[in-house]
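Chain by chain, the residues:
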Amino acid sequence: MIKKKICMLGAFAVGKTSLVQRYVHSIFSEKYHTTVGVRIEKTQVRANDADVDLIIWDLHGEDDFQHVRLSYLKGSSGCIYVADGTREKTLLTALNLKEIAENTLGEIPCVLVINKLDLKDQWEIDQSILDDMKRKGMMIFQTSAKTGEEVQQAFQLLTQKMMEK
Amino acid sequence: MGSEAVEEKSLEAFKKLLLQPEKDRIRQIENRLNDPMIRAKETGLFLPEAISFSVLNGNRLSRVIQPVIDASLKESVRNNPKSIADAIFPALGPGIRKAISATVMGMVQSLNQLLNHSFSFQGMKWRFEAFRTGRQFAEIVLLHTLVYKVEQIFLIHNESGIVLDHVTAKDVVIQDPDLVSGMLTAIQDFVKDSFDARDDLETLRIGSDRSVWIEKGEHALIAAVIRGNPPVDLRIRFRELLEEIHIKSGMALEKFEGDASSFSVFREQLKDELGFQERKEKQKLSPLLICLILAVLSLAGIWGYHTLRSHQIWNAYLSRLKAEKGLVILSVQKEKGVYQVFGLRDPMAHDPDALIQPEEKFRIKIKGHWTPFYSLDPELILPRSRQILKPPPSITLDLSQGILLASGQASRDWIDIFQKTAPTIPGVKGYSDQGVLDMDREKLDAALKEISEIKLYFENNSTRFIKAQEDIFNKLLETVQNIQELQIKAKIQVQIMILGHTDSSGTEKWNQRLSRDRAEMVFNHLIVHGINPYFLTISGIGTKIPLKEETGAEERQYNRAVSFKVFHIPLT
Chain A
1 MIKKKICMLG AFAVGKTSLV QRYVHSIFSE KYHTTVGVRI EKTQVRANDA DVDLIIWDLH
61 GEDDFQHVRL SYLKGSSGCI YVADGTREKT LLTALNLKEI AENTLGEIPC VLVINKLDLK
121 DQWEIDQSIL DDMKRKGMMI FQTSAKTGEE VQQAFQLLTQ KMMEK
Chain B
1 MGSEAVEEKS LEAFKKLLLQ PEKDRIRQIE NRLNDPMIRA KETGLFLPEA ISFSVLNGNR
61 LSRVIQPVID ASLKESVRNN PKSIADAIFP ALGPGIRKAI SATVMGMVQS LNQLLNHSFS
121 FQGMKWRFEA FRTGRQFAEI VLLHTLVYKV EQIFLIHNES GIVLDHVTAK DVVIQDPDLV
181 SGMLTAIQDF VKDSFDARDD LETLRIGSDR SVWIEKGEHA LIAAVIRGNP PVDLRIRFRE
241 LLEEIHIKSG MALEKFEGDA SSFSVFREQL KDELGFQERK EKQKLSPLLI CLILAVLSLA
301 GIWGYHTLRS HQIWNAYLSR LKAEKGLVIL SVQKEKGVYQ VFGLRDPMAH DPDALIQPEE
361 KFRIKIKGHW TPFYSLDPEL ILPRSRQILK PPPSITLDLS QGILLASGQA SRDWIDIFQK
421 TAPTIPGVKG YSDQGVLDMD REKLDAALKE ISEIKLYFEN NSTRFIKAQE DIFNKLLETV
481 QNIQELQIKA KIQVQIMILG HTDSSGTEKW NQRLSRDRAE MVFNHLIVHG INPYFLTISG
541 IGTKIPLKEE TGAEERQYNR AVSFKVFHIP LT
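Residue numbers (the numbering used here), protein chains in the order written: chain A, 1 to 165; chain B, 1 to 572.
Honestly, I wouldn't trust all of these hints.
Stated by the list, open to error - With the C-beta cut set under 7 Å, the calculated list includes, among others, these residues of chain B facing chain A:
1) E159
2) S160
3) G182
4) D259
To be verified - Computed footprint of chain A on chain B; a stretch qualifies when at least three of its residues, placed anywhere within it, have a C-beta under 8 Å from a C-beta of chain A:
5) 169-180
6) 185-198
Keep in mind that the hints were calculated from the coordinates and are not lab data.
The beta carbon of each residue, even a glycine, is placed where N, CA and C say it ideally should be.
Turn these sequences into a full structure, and let the hints guide you.
The following block contains the structure:
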């Protein structure tokens, strides 16, 4: 059994936890976020003919990304960055977090998830920016807590990338 | 010639013009290459990059440089030990402190146990064992007393917090080890970041009984969940195991990519730690304690039997009391081990204390508080009547529907007592003495009859008694005395009239006188013998009431006599 640690990062209130809730299991409550600053979750993904246990370090989101504990990042094989489509600033935060994580970990497989697709009409993030980022090789998923399918695909793709590395 | 020289000169000048800069640069390079100072300066500039390239290409450099470092370190220590000491002091200090604290903790633990066990029976046993096996007493104590159980052991990859292996003891409830391991790693980072701690988190305490021991190596750590009171050297064993894992799988740890399968080779060793630690001793009961328990149990048994027996005796006694006539139980209670009974007791009832068997008195203390009363139980009325009336043996008492019946013979005195007292006896509604014969009256009547038959005879025309009448006289005296006594007893006042008689010869006047004289004669005789004169009257009746018809001389003699008649005098 392969086990991979991945980190999930994003600005405050981008809906990380509710997004993954259906796909992960945890024995820890939400309270860990505000106390220890991280909540460990687990899910299983099948990629490249192998079952992979993803140990997800769901890091407490903060707009002031200085407060993300860098020590929690170490040993990660991949990252999921989450942004809120209705708040452009959160995309900036996600990209900043990506930079910080890559400073610590080097370049590792990652995916960007833009949440709140159900509020697409209120989106501040321009589709063209996302297309531009896709062209540069960024894997981007648009999802909502309601149509969470994309999340599973994000996990799937991230795992594949990690396994190929 | 001149032109050649000129040509030569200009060529030289041209060459110089053309090649001088290169020449200068070559000279400069030559100088740089020949001047060790310059080269050293330059090497110094590139050295960090050179070393980092060398490191990237493998660790040849470290192998090459190691002897130099060793030699220089030795040299340095020889020449300037202080600076080395200063340099390593920050690293050495915590290490020494750690070692000392571990030792001191161990000492405190053993001292504690030594103190606990030195003076007990067990302690003596262990001292003997130490003496027998040649081991230290402290070691024996530790061996016997450490009760702990390693419940779970995690082998965790330091960096990622991923579980490399996880073993659990039997019957231990566990959570998902991956999540626990992740969180444990996060908490370690959290503690380190939050408190700016240089040392790692070593122990988590959960209540007073459980702890998590964390022993950290370079790439992996062992976290053990332990219940109870583990010895400090357990940590040393974890460290040794961790070192072994690092030696055998150092590369795999360093380049760990998430595949933990290769670490399963250490599972048995990890399990051994679990199994080995399960040295939970069976708590044997000391013989002293067994004796004590037995003693307590037997005391409790004796007490229980005694209590039960006392209770039985008490209940039996109470039922006997209840069955008893003339005893009424009002209340019972047990106070300070004494059974107490409060009630009413008829004087005729049996003594309640006599109802306790002598052997029971040893087992149970009973105290009765009895208030006297009269019971109206028919069974008690009769004895009570007997006790009060004290009837003579000739009297039989009976009770019929509250009526006290007396029958038989009794003195007048007793009959009077009966008549007076019987109605006052509690429970007696009435009485009857119809069946009682007044014995005094009977005797009196008999005596009166007797006296009426007595006659004393006199000589002709004389107040002299004819001979041989002493017996009659004695009989008379006795009877009179008897009557005198009986009339008092029978409470009947009588008077005895002494009647003087004569025969028909002589004048009536004479006879009258003679008869009176004769009566007086007897009267005097009786008085002389102590008879009360008030009890006697005399009367001379001459020939008025002859005792016998005078048909001949013989019959005449019968009338020369004194007879007796009794009068009842009504009591005033």
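Right, here's what the structure says about each hint:
{"no.": "1", "hint": "E159", "verdict": "holds, 3 Å"}
{"no.": "2", "hint": "S160", "verdict": "holds, 3 Å"}
{"no.": "3", "hint": "G182", "verdict": "holds, 4 Å"}
{"no.": "4", "hint": "D259", "verdict": "holds, 5 Å"}
{"no.": "5", "hint": "169-180", "verdict": "holds (count 5)"}
{"no.": "6", "hint": "185-198", "verdict": "holds (count 6)"}
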